[in-house]
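Student: Sequence:
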Amino acid sequence: MKRLLACVLIATAMCSQAFAQSVSEGTYTVEGTNLDGSSYRGTATIELTSDTTCSIEWVTGGTTSTGICMLYEDAFAAGYVLGDAVGIIVYKVVGDGILEGAWTISGKNGSGTETLTLRD
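Going letter by letter, the sequence shown gives residues -20 to -1, 1 to 100 in mature numbering (1 follows the signal peptide of the UniProt record, and there is no 0).
Any given hint might turn out to be false.
Here are the computed distance ranges between Cβ atoms for each label pair [stated by the list, open to error]:
(1) V39 / L15: 18 to 26 Å
(2) R99 / T43: 30 to 38 Å
(3) D76 / T23: 17 to 25 Å
(4) S2 / A82: 14 to 22 Å
If you are wondering where the hints come from, they were derived from the structure by calculation, not from laboratory data. Idealized CB from N, CA, C, for every residue including glycine.
With the hints as extra help, turn the sequences into a complete structure.
Tutor: Given below as structure tokens:
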């Protein structure tokens, strides 16, 4: 699984451009759907770590996951670890402080959805 995460991160880095300011550092409200269609809510915190990358931490229910992220044009992608699994999420930057995306996790079928909205 670490090998899969490394591959995702390398592929993401190869597409790197300067980190645009259309994704702001801060805390976001999370609203999403799980692979089975059930809903979840929580928060995500994005911290800029360089010109092209950031770190992200999600807290949903009693679960915390962390990852690395980057912006490429209007696509915002993150690779993350959740327990023993590796996941990837790709968001589209749809407005000031709003990201809409789809995610999946290793060893599972299908995908979930997620919207991040920057808190004031």
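Student: Please go over all the hints and tell whether each is borne out by the structure.
Tutor: Verification of the hints:
1. V39 / L15: 18 to 26 Å: holds, 19 Å
2. R99 / T43: 30 to 38 Å: violated, 20 Å
3. D76 / T23: 17 to 25 Å: Holds, since D76 and T23 (Cβ atoms, about 19 Å apart) stay within the stated range.
4. S2 / A82: 14 to 22 Å: holds, 19 Å
The structure shown violates just one earlier hint, number 2.
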